[in-house]
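Residue numbers (this note's numbering), protein chains in the order written: chain A, 16 to 766; chain B, 16 to 766.
Because the hints were derived from the structure by calculation, they are not lab data. Mixed in with the good hints there might be a few duds.
Given that identical chains are not distinguished, each listed pair holds provided it fits within a single copy or across any two copies.
[To be verified] 20 Å max Cα-Cα, derived SDA-like pairs, lysine to any residue:
id	residue 1	residue 2
1	746	705
2	746	380
3	563	167
4	150	100
5	422	378
Number of protein chains: 2
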Amino acid sequence: MSWLKILGAVIVGALLLTVGILLGHFAIPKGGNGSGAPSWVQTVGRDLNESLLQSFMDQVESEKIRENLKALASQPHMATTKGDEELVKLLLRRWQDPQIGLDSTSEDVYGAFLSFPDPQRPNSVAVGVPGGGIKIFTTRRSEKNVTADQAHADVVQPYAAYAPPGNPRGRLIYANQGKRSDYQELFNMGINLNGTIAITRYGGTGRADKAVNGAEFGVAGVVVYTDPADINDRRASEEETYPNSWYMPPSGVERGSYNGYFGDLLTPYYPAKEFTYRIKESEIQGIPPIPTQPIGFEDAQTLICNLSGHKAPASWQGSLGCSYHVGPGFRTGGLFPNTSDVQVNVHNQRVIKNSSNVMGFIRGSEEPDRYVLYGNHRDSWVHGAIDPSSGTAVMLEITRVLGKMLKEGKWRPRRSIIFGSWGAEEFGLIGSTEYTEEFYSKLRERSVAYINVDISVFGERPFVLPALLRSCCTIPISAFTAGDGKLCSPPRDVSHSRPSPLPGPESLTPLHPPYSLGSLGAGSDYASFIHYLGITSMDIAYTYDRNKTSARIYPAYHTAFDTFDYADRFIDPGFTSHQAVARTAGNVLLRLADSLVLPLNVSDYGEKLDELYSAAAQGDFLDKLNANNLSLGTDPLKAAIDRFKSVAADFNQRITKLKKEESPSPLQIRMVNDQIMLLERAFLNPQAFPNKYYYSHVIWASKSSDQATFPGLADAYTNALETGDWDQVRKHLTIVVQAVESAASTLEAVA
Amino acid sequence: MSWLKILGAVIVGALLLTVGILLGHFAIPKGGNGSGAPSWVQTVGRDLNESLLQSFMDQVESEKIRENLKALASQPHMATTKGDEELVKLLLRRWQDPQIGLDSTSEDVYGAFLSFPDPQRPNSVAVGVPGGGIKIFTTRRSEKNVTADQAHADVVQPYAAYAPPGNPRGRLIYANQGKRSDYQELFNMGINLNGTIAITRYGGTGRADKAVNGAEFGVAGVVVYTDPADINDRRASEEETYPNSWYMPPSGVERGSYNGYFGDLLTPYYPAKEFTYRIKESEIQGIPPIPTQPIGFEDAQTLICNLSGHKAPASWQGSLGCSYHVGPGFRTGGLFPNTSDVQVNVHNQRVIKNSSNVMGFIRGSEEPDRYVLYGNHRDSWVHGAIDPSSGTAVMLEITRVLGKMLKEGKWRPRRSIIFGSWGAEEFGLIGSTEYTEEFYSKLRERSVAYINVDISVFGERPFVLPALLRSCCTIPISAFTAGDGKLCSPPRDVSHSRPSPLPGPESLTPLHPPYSLGSLGAGSDYASFIHYLGITSMDIAYTYDRNKTSARIYPAYHTAFDTFDYADRFIDPGFTSHQAVARTAGNVLLRLADSLVLPLNVSDYGEKLDELYSAAAQGDFLDKLNANNLSLGTDPLKAAIDRFKSVAADFNQRITKLKKEESPSPLQIRMVNDQIMLLERAFLNPQAFPNKYYYSHVIWASKSSDQATFPGLADAYTNALETGDWDQVRKHLTIVVQAVESAASTLEAVA
């Protein structure tokens, strides 16, 4: 071989080696095993897969939701009853299904303090001869059966849960909505309320307050009914009501829990386990101190339309077809002799019973220690087709589709997802509250958001705007369309009519556009998540068009008429509204679970703060502050809010920049996500409201005042007007400033 | 060319190409820019660099610490005085130095509620003719100057901070340590305490309690002194004391804050900013209700050795060189006529003054949103060489070496480091507490640990074990050697003699080996970090060999003798103890900031829980529980602790496994680190101790009971023995079970 050939061979060899090195280095990606970049480099930065999301949406079927609802509402399933226990099994079966189930499930049991009527001795309201035992009128034991699917041996008779047993007897008065001001007005008319029985209508105040307020004036027993003016758009006849329309029939009675707090009443702040310390029943606050019983408007008419005394004020009049008088006692010439007494017979029994939460889990692939929570209660008062089964039917359809994708290996969320079917909500959000108590620390540290879908669809078609979805979140999801509507940001029209045993739907403020953050109140299971744990929460439903109905709530609410037939024929024939809710809620859930950067817009909190501030910085409110040396013109509250808004804008810019990076560091992403997640927590102050169990969120806490500013400030202000205690106003200004500054510090660039 | 040759060339060529590909793929690491794995893949998993740590240790110089101390203790620097303000500037100058400074600094100012004597009208304790103004004896205005560096115009006269002004006059009694039981014993002797002046010695109870307890018995004024038996190993003469030894001279007076809580007294739970709501002075709890004044033992001898009345019990006797009698009034034949009264003259003034925290920051490279905190207070009572400047001198040496490494580009920590020079600690941990109040949310969410080095070296050489380091942490750092001793796990011998205005050194329980976790109490600035925020805390110092001295604390504590000369000649000639403390504290700091997996051992909490449980599960304690239907034999507390231990063991196994992985996912590492970090938070319960400001840590809260179990349980038990209120015992059992279950849930495998 010549040297030239050797040289040529060496050059060719060197070239081949070089090409090989280059190919090896640049053309072949390093695998995860052995040397080279580890496998997680590929997955750790994965973002939401939009086509997978679309596939989820496509798979959500209205017919499946209808089937779910039929199964769920097939029999009464009041908390801890046989019907409830059977649904526990149904949930576990579905979530453990090898084809469509979740990763794992659990059943968490709490010993809940409940209250039931005595099946042997039905409650009643009776009119009798004074001093004697002869009853000349007694209210119905329960609703009339107007459809076949309504009849069942386990239909619980109407009662006021937690009202004490007793048989008070006295002259009847009509006390409007049982507000303190209503009783005061009767007192001002010169009526001696001592020993009377007050008949009141639902609305205006929480259920329990009607008895709590009455007792303060000496009232001995309370009767509650639903006026057709408040629920039926004034329709009162059988022809105009269910099964001929969605309106409440004359025999319909709204059951409910008569308590002013939420969570198990004997174990505030601690999970109601067997070992848990329980307070004495006498220490429970906010439940009726006197016997109380709800009745239908048919029976209410018999009582109210026969009352004597002054004519009731115009705003107290309703649609029972007569002029309302206030009593006391019955009029001459009416159905009852003028001297007749009314007796309230309550035989309720309080008992600790085991109530279950059914929990389902999907493990997150990249951030298993971040939780997206989704829940609804399982227990109803009777068949509960709408409340709560319309929500459970939607949840089961969501888990069916997700479970299928999971089991087929097509999907695993970035973050963990926890589904909760809560027990004993109707008695005061017990299951969800006990859950937050038991797992307080880890939920507080790890939860990204809680999604609640209780009543999915509030109104029948003519009464809802087709595109209307109920708002919503404590931090809004960045605008996106879902189903057939836009969610949360900005809502087109939102109303706040979610009924609630606490504090009652009418005390919730309606929202008006433009409005970015909705006040959730405490009407469903999100209450302890937002108020106690400071977890961003949302409640999703179709709601009403308030131009078309004035009903407080869908008319079959908490009655024996809330059946599958009612849902299928009136609320949502075809179940397309349910389908839209399922798609929307599932969409929100997937975005929260899978998005690389959490899809929550922190800036909208700035607007909310501005709005709450404005309410305090004008008119009488500001004048009174100034007059008491609490000048709000050059104030630290304004400065704190301005700082928050500026810091939030910077934060959004940093996120935009981060999203543009080709491959941002997973710890950088985690950092901004933690800032978003923990923003809500920065508004918590466990010292802010020492007299209100659980409420510690400075922006969203409940308030009694009708001032539209920060709740603690509003209540302190209203109180100071009466008592002159302006120190508490200053204290609550400090609390708000501190919370807003904390929130700003949370979003500020770290270190 | 033959086919053979061609084949050979092809084979060789293919081999070369293959070798090239293999080399290119495996032998040459992919760069971070352009194609291939992103740059953070290399840095995100970086662990502590041991040789860098060694280099840090090597650079820590004893002489630099000595120089720091000389500068820091050159003049008195009581909170908010000129001397303090000059140290603020010194700190800022050092931390802003271009060669040895930190990334950034800030000065945070709070309006602190303080208390000072009136320079125009010195406080005193005087003996006078009854009814007249003639004084026949008056206590010294301040300490005698025994060395040159002690003299300074700004030496504050001894006083009891927060004691109210007044001039009560009455007959003197000796009340031992001023415990409630001491006054009770005097009362039992038949002495009418009404209107008397009580002289008491330091120890046995918190400073303020001596007056609080006395006032309950009608005492009108309180005098406090340090008995040579308690501080000087009984040495009392000038020859035996400083400047001839480390013992307190006869004129020495321990100053101090007389308050029972910590943090700014007018703004509990809120930072003392200008806008902050302040409670009324009359609402402050835990400060002396009657004039109180500390004096030296020379003056105390004049008063006590002339008392009449019963001879004091043996345990009340001290080392003033006479037999102590209890009074009331002086004996015939003594220095004072039997009828002489004692008058306590206090002219203290309460005032809100601006006090600064100086903060220094080093930004973390990978996890900037995780904080390792390190701090000490800056303010002293007089020159404060030991308390607190020995700690500040150490901190400045640590920041010098770290700052140098940082500025030279040799090092940046994985996590952020925050240094704090706290203001107004001596008045009740004010600066550190206000800091935790202002930044509550982000500190709670992001802080890995807080390291406190206040008094670095407690005793002079003969009195400390050279290898002894004071314990320590609420979660122990996994065993490692540092300086010349082992830290925390397991400590060889640890004593708990850190003095404290709250609740007083003697009420702290000494620790005995084997003991893994120490109870920090509330004696220095770690208090709000551990008790309020639930941040793992530690306090590092050389402490005593209790076989060699019985001194409550180093004898110059809070006196005018706590000077550089005292430190240089007696406490630590050569400053090698200081050096060891600096190396140890810096070592802990670097390990916490740089270790990939946090070097905290969660399992040791299991031992602590066992120990607290054992104290409740035996003897009288258990018998009483059983007698009151609180059986602890088959109990949920045992089950919860067992679950915790099992979960902690599993957790450690997962960590071991994770550490063995070649390149674990950064989010997996972050997950376990968050579990370690948040374990301490799981023990918080803001509802547990409603009457104790800030205390919310169920394991480490303060207690009054001497039962060695969980603090809330111990106090409830002791109270139940008196009142029969066993419900509170059950409640605190629930609180403990819930906290332990929460802690277990935090460590449990996620999802």
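Consistency of the hints with the structure:
Both within a single protomer and between protomers do residue 746 and residue 705 lie at most 20 Å apart by alpha-carbon distance, with minima of 13 Å and 19 Å respectively. In the homo-oligomer, the alpha carbons of residue 746 and residue 380 never lie at most 20 Å apart, since the shortest distance is 45 Å inside one protomer and 40 Å across protomers. For the identical chains of this complex, residue 563 and residue 167 are neighbours neither inside a copy (34 Å) nor across copies (84 Å), given an alpha-carbon limit of 20 Å. When the C-alpha separation of residue 150 and residue 100 is checked against a cutoff of 20 Å, the pair qualifies neither within a copy, at 39 Å, nor between copies, at 86 Å.
Within a single copy, residue 422 and residue 378 get their C-alpha atoms as close as 12 Å, which meets the 20 Å cut-off; across copies the closest is 44 Å, which misses it.
Violated hints for the displayed structure, listed by number in ascending order: 2, 3, 4.
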